[in-house]
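Engineer: Sequence:
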Amino acid sequence: MDCSPDDLRGSRLWALLTEDDARGLQERIASGERKPDEQFLINFVDRSQSPHTLLCKLDVQPGGFVLLAEDTAMRV
0 MDCSPDDLRG
10 SRLWALLTED
20 DARGLQERIA
30 SGERKPDEQF
40 LINFVDRSQS
50 PHTLLCKLDV
60 QPGGFVLLAE
70 DTAMRV
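The sequence shown begins at 0 in numbering that gives the first Met the number 0 and counts up one residue at a time.
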């Protein structure tokens, strides 16, 4: 994904995901289930709506969540 932090500032997370992955992530968060070590793939989209798959971990917490993502191309 070719963008800078300034490109993302003020953007809603959901607008950066494919529609299906946004819905799936919202369902994971709504479940309230904590699985911080579980890994799953999410497709983020760039300005031209091209998908970029990232390996993610999600930690649902009271009042929010932490989403960590890493480029799958970086994994060896």
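It should be emphasised that the hints constitute simulated quantities derived from the structure, not laboratory data. Glycine included, every Cβ here is placed at the ideal spot set by N, Cα and C. Don't take every hint at face value.
[Claimed, not checked] With a straight-line cut-off of 16 angstroms between C-alpha atoms, the simulated EDC-like cross-links for lysine to aspartate or glutamate are:
(1) K56 / E37
(2) K34 / D19
(3) K56 / E32
(4) K34 / D70
(5) K56 / D36
(6) K56 / E69
[Unchecked claim] Simulated restraints on C-beta separations:
(7) A72 / G31: 16 to 26 angstroms
(8) Q38 / T17: 15 to 25 angstroms
(9) L12 / K34: 15 to 25 angstroms
(10) G62 / W13: 16 to 26 angstroms
(11) T17 / L67: 25 to 35 angstroms
(12) Q48 / A68: 27 to 37 angstroms
(13) Q48 / D70: 17 to 27 angstroms
Engineer: Against each hint, give a clear statement of whether it holds in the structure.
Structural biologist: For each hint, the structure was consulted:
no. : hint                          : in the structure
1   : K56 / E37                     : 6 angstroms, holds
2   : K34 / D19                     : 20 angstroms, violated
3   : K56 / E32                     : 13 angstroms, holds
4   : K34 / D70                     : 20 angstroms, violated
5   : K56 / D36                     : 6 angstroms, holds
6   : K56 / E69                     : 9 angstroms, holds
7   : A72 / G31: 16 to 26 angstroms : 32 angstroms, violated
8   : Q38 / T17: 15 to 25 angstroms : 18 angstroms, holds
9   : L12 / K34: 15 to 25 angstroms : 18 angstroms, holds
10  : G62 / W13: 16 to 26 angstroms : 18 angstroms, holds
11  : T17 / L67: 25 to 35 angstroms : 19 angstroms, violated
12  : Q48 / A68: 27 to 37 angstroms : 18 angstroms, violated
13  : Q48 / D70: 17 to 27 angstroms : 18 angstroms, holds
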